[in-house]
Amino acid sequence: MKSRRVVVAALAAAASLLFTACSSGGDSGDSGGGGPVTLKFQSLSDQPAAIAATSKIVDDWNKAHPGIKVEVVPAGWDGVYDKLVTQFNAGSAPDIIHYEAAGVAPFAKDGYLADLTPYLSEQKKADIPKGVLDSVTVDGKVIAYPTELQSYVVFANKTLLAKAGVTIPSGDTMTWDQLRDIAKATTRDGAYGLGWGLSSPTAAMVALAPGFGGKYFDGTGTDAKINVGQGEMALPQLVDAMAHQDNSILPVTLTQSGAKALAPFYAGQTAMTIQGSFQAANIAKDAPAGFDWVVLPTLAGPAGPAQAANPQTLSVSKDSKHVKEATEFLEYFTSTENLAALNEADTLIPATTSARQALTTKLGAQNGWKQILSSGQYLTSAPYLFVDKYAQWKDTVATPAYQKFLAKQLDAAGLSKALTDGWNSINR
Amino acid sequence: MRALLRPAQYLALAAYILFLGFPLLWLISASVKSSGELNSLSVNLLPRQWQWDNYADALDRQGLVHSAGNSLVVALVSTALVILIALPASYVLARLKGRIRAAGVGWILTSQVFPVVLVILPLFLILRTLGLADSLAGLTLVHTTYTLPFALWMLQGYVTAIPVDLEEAGAMDGAGRWTVLRRIVFPLLAPGIVATAMFSFVSSWNEFFFALVLLQSPENYTLPITLNMFIGGEGKVALGPLAAGAVLAAIPSIVFFTILRRRLTSGLMAGAVKG
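As they're listed, the protein sequences go chains B and P. Sequential numbering from 1 applies to the first sequence in my numbering. Sequential numbering from 1 applies to the second sequence in my numbering.
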């Protein structure tokens with residue numbers, strides 16, 4: 001899939017030169033004779049509640065702004081990168097583009113996205129945590145409004161913890177050592193302490209590395225250099241120790257997706273599971289009746305509880321004839337009330353502090369929400385977002401290397417070498 | 001020993017049919033399971049609790065029926081176009097000898113080696129220039145073009161299998177070129193036409209990538225695009241509604257196959273008698 005993306009990107013670059021004459025600018029609606037401006041908003045909202053929340057925001061906007069009409073164009077997450085490559089190169093990109101920071105950063109680098117810096121209000125800027133704002137800032141320009149975030153959190157089966165005599169940690173954060181101790185204590189009576197779906201381990205490894213001082217990459221674009229040192233190796237080695245020394249991780253989950261690792265959690269085969277925070281909604285819905293669960297405090301490493309943020313974003317095509325109007329809509333879309341409603345529907349973490357606080361006030365008493373929303377404050381910029389060949393490295397080098405390491409086919413030195421040599425080979 | 005042979009054959013056949021049908025059975029089963037059951041460790045074909053809401057959910061979401069209609073139109077029209085073009089072309093290809101045939105065959109095989117991802121951008125720009133991007137007509141043309149080489153290849157194999165002697169015998173009996181084709185070749189070719197039509201229909205019905213890139217307006221979305229929207233970001237998948245949608249999506253294909261299967265059988269018999 002990713003190698004296909006590389007092919008598309010290369011072809012797109014060549015074809016854009018050949019076909020410039022054919023292109024006739026964006027498809028953004030033009031007011032023409034002074035009628036209303038029409039903005040196309042390609043939305044990836046997929047859950048029924050989130051689709052409804054998005055529609056309501058757009059409907060409210062359209063009622064209040066007869067001169068600027070927003071039309072939602074639904075699209076799916078799968079294949080959206082290929083679709084955007086074609087749309088940008090053919091000059092037919094929608095005015096407003098919903099995607100994720102890691103996805104839009106390369107488009108911004110290639111000059112397809114409008115610089116939103118002059119339009120981003122100071123109030124909004126102050127409302128977005130610095131680490132999150134950094135994740136949508138490319139070459140000093142804000143290229144998207146962040147909307148929704150997820151963090152990695154620990155879901156725990158309270159009954160199994162109580163049986164093992166474990167006191168549930170209090171406070172905002174807990175250390176990885178505490179997690180390891182709890183996992184050891186709850187590995188008993190045929191159950192394992194932890195289930196962690198690591199079939200695609202790279203995303204989790206790079207997202208959680210900042211807690212150990214890991215960055216993986218220095219520099220941006222093609223100049224980026226990889227550094228796999230102690231901070232980067234700490235988490236894989238911890239997982240290895242838990243899985244193969246403590247035997248406190250259910251082995252099969254290491255080869256499963258995150259969602260698959262929920263089934264043994266429901267069945268009481270694992271006392272805890274590390275998942276994307278959005279799984280809270282699925283657990284509330286799918287767990288068997290009487291299943292008593294809790295979200296543990298945010299995990300913190302030696303460098304703190306930081307996690308890399310890859311927010312969902314809304315950006316504006318540079319070809320849009322109505323960048324200013326589109327940004328006005330984005331200011332409205334990301335208002336405290338709207339972001340809170342959208343994130344509640346999607347069970348994600350709002351990208352603005354005010355919306356996160358509003359959601360904490362509304363839902364903080366509900367199971368898990370307080371800890372999940374609290375974890376949002378520790379999200380920080382991810383260096384890998386701005387590295388051109390990250391996607392290729394992730395798929396062709398890092399994921400197989402981590403998988404081999406977790407399967408004991410590579411030792412720590414071998415993993416470090418594979419990650420480094422693989423990057424140097426790709427980024428020649 | 002011989003008495004046991006027949007029951008053993010039936011048993012093997014039943015096992016084979018079950019093996020082939022199991023994915024469909026599992027899909028149907030998943031389409032009526034609750035989200036909790038789908039995400040549990042239990043492996044049971046029959047749901048503990050029948051969840052028909054998945055079908056209502058699938059139909060409620062994103063205009064599934066409308067996009068199925070779009071898929072049906074595109075698949076039927078592109079199938080008809082493919083057959084219309086491939087039938088005479090395959091006959092010529094099969095009966096011709098020499099360099100032109102070799103060049104034709106070479107071109108067909110070459111056209112199959114291009115990955116779709118390489119042709120999508122030029123195709124998009126051409127269709128846009130023609131005013132056919134983001135239209136079902138444009139997608140139909142693309143499906144026709146993309147399916148045609150393989151259909152041609154497939155059909156020319158069937159033509160080659162018809163002995164030229166039969167045509168010559170017809171000509172000896174005084175039949176003209178057109179009569180030979182209509183009375184001898186086409187009836188013998190019926191199974192091949194049906195098989196090619198089935199292939200073309202399924203190719204178009206299931207096609208995802210061209211539709212994903214070429215279609216921009218939700219009212220033009222085909223079924224695979226709509227079903228794709230059941231799979232969300234961050235690993236979120238509405239498994240029950242997706243399975244229900246997939247079951248509904250399979251129905252037109254099954255109906256189409258059922259209709260054509262009869263023709264396939266009668267065509268085979270016609271070929272047997274005349275051959």
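Incorrect hints may have been included.
Said to hold, decoys possible - Pairs of lysine-lysine, PhoX-like flavour, derived with a Cα cap of 25 Å:
(1) P/LYS97 - B/LYS370
(2) B/LYS404 - B/LYS394
(3) B/LYS260 - P/LYS236
(4) P/LYS236 - B/LYS56
(5) B/LYS215 - B/LYS362
(6) P/LYS97 - B/LYS285
(7) B/LYS125 - B/LYS324
(8) B/LYS215 - B/LYS109
(9) B/LYS130 - B/LYS324
(10) B/LYS215 - B/LYS285
(11) B/LYS408 - B/LYS69
(12) P/LYS236 - B/LYS394
(13) B/LYS69 - B/LYS109
(14) B/LYS56 - B/LYS225
(15) B/LYS124 - B/LYS141
Claimed, not checked - Going by beta-carbon spacing under 10 Å, a handful of chain B positions derived as facing chain P:
(16) PRO48
(17) VAL73
(18) THR159
(19) ALA162
(20) MET174
(21) TYR266
These are calculated hints, taken from the structure and not from any lab test. Where a beta carbon is used, it is the ideal one built from N, C-alpha and C, also for glycine.
>> Taking the earlier hints as the rules, which of them does this structure contradict?
In response: Structure breaks hints 1, 5, 6, 10, 11, 13, 14, 18, 19 and 20.
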